[in-house]
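Protein sequences, first through last, are from chains A and B.
Residue numbering for the first sequence follows our numbering, starting at 1 and increasing by one per position.
Residue numbering for the second sequence follows our numbering, starting at 1 and increasing by one per position.
Heads up, some of the hints might be wrong.
[Unchecked claim] Here are the simulated distance ranges between beta carbons:
1) A/Arg144 with B/Glu29: 28 to 36 Å
2) A/Gly145 with B/Val58: 31 to 39 Å
3) A/Thr158 with B/Gly83: 54 to 62 Å
[To be verified] A short list of chain A residues far from chain B (calculated; beta carbon distances all over 12 Å):
4) Ala32
5) Thr73
6) Arg111
7) Pro124
8) Ile148
9) Ser153
Read the hints as simulated data drawn from the structure, not as lab findings.
We put the CB at the ideal spot given by N, CA and C, even for glycine.
For reference, the chains in residue letters:
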Amino acid sequence: MNLRRRSSLLLAATLVMSDVLLLPASEIPLDARRSGYDFMSRETRAMQDDDTSNPATLWVLDGEALWNAKAGTAQKSCADCHRDLSSMKGVAARYPAFDDKRGKAVDLESRINFCRIDHQQAPPLASESREMLALSAAIARQSRGEPIAPDESKMAATIDAGR
Amino acid sequence: MARALINIPPKVKRGEVIEIKTLISHVMETGFRPSNTGQLIPRDIITNFTCSYNGEEVFQSTLYPAIAANPYITFFTVATESGTLTFQWTGDNGYSVTETAQITVE
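So here's chain A without its partners, still in its complex pose (with noise of 0.2 Å):
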């Protein structure tokens, strides 16, 4: 490669980089948005994809012991109102969604934490905590292989004040 040919390239190389610096940040069209699953190694797409290598088995499991398990005052469980597991196919692919009690968007933590007082009279469950994410995973594994499509009719404001 002659010394011009290289400085060319590495003029365009800097327009480009620059041009990426100046656009604005903006939204990936929706067809052209892909899973994190495509970004991984082959190795690691092979560990998620057999439940018995997957790490988050082991919070699906555990949030299965929590859903029956009796919490707070109320001494209820999750399953005493929702029934089996099983019952929560497709909600959490509903998620966020709009709360009409409490007049905004939750997303399916807060929903959680929300049956937690409202139903079980038990303290909300720390963000990120190991039991939130466990009953969280347990839930939306029941949704495995559904498309994300919350009901946006509600939250137009939510999702402008995220833009």
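With the hints as your guide, set chain B onto chain A.
Quick look at chain B alone, frame taken from chain A:
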């Protein structure tokens, strides 16, 4: 909540080499990390893992603080006869978990 996941092929041919995969839930606290108060968090790790096939030890491993949380251990053995595989993890603070799995050799 100690949980272990074991994956073995349920039915295999005699003499076949089989892969055994194990995953156990454990924090594997190294003993080198300071807490919010600056004190070292005491070491809490699994120190030993063994697998016995009908009472005979076929795999043994010593674990050290550098091993990640939720250790994932896989190994191979030869399917000799139907029976029970016993897995045992032992570690700090009297930690001991035993799991068994059945295997059918045809």
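Evaluation of the provided hints:
1. For the hinted restraint 28 to 36 Å between A/Arg144 and B/Glu29, the CB-CB distance of approximately 31 Å keeps it satisfied.
2. Roughly 37 Å separates the CB atoms of A/Gly145 and B/Val58, a value that falls within the hinted 31 to 39 Å.
3. At roughly 58 Å, the beta carbons of A/Thr158 and B/Gly83 sit within the given window of 54 to 62 Å.
4. With 12 Å as the threshold on Cβ separation, the claim that A/Ala32 sits away from chain B holds: the shortest Cβ distance comes to roughly 34 Å.
5. With 12 Å as the threshold on Cβ separation, the claim that A/Thr73 sits away from chain B holds: the shortest Cβ distance comes to roughly 23 Å.
6. No beta-carbon of chain B is positioned within 12 Å of the beta-carbon of A/Arg111; the least distance is around 23 Å.
7. In this structure A/Pro124 is separated from chain B by more than 12 Å, as the shortest Cβ-Cβ distance comes to about 20 Å.
8. Every beta carbon of chain B lies more than 12 Å from that of A/Ile148, the smallest distance being close to 27 Å; the non-interface claim holds.
9. No beta-carbon of chain B comes within 12 Å of the beta-carbon of A/Ser153; the shortest separation is about 40 Å.
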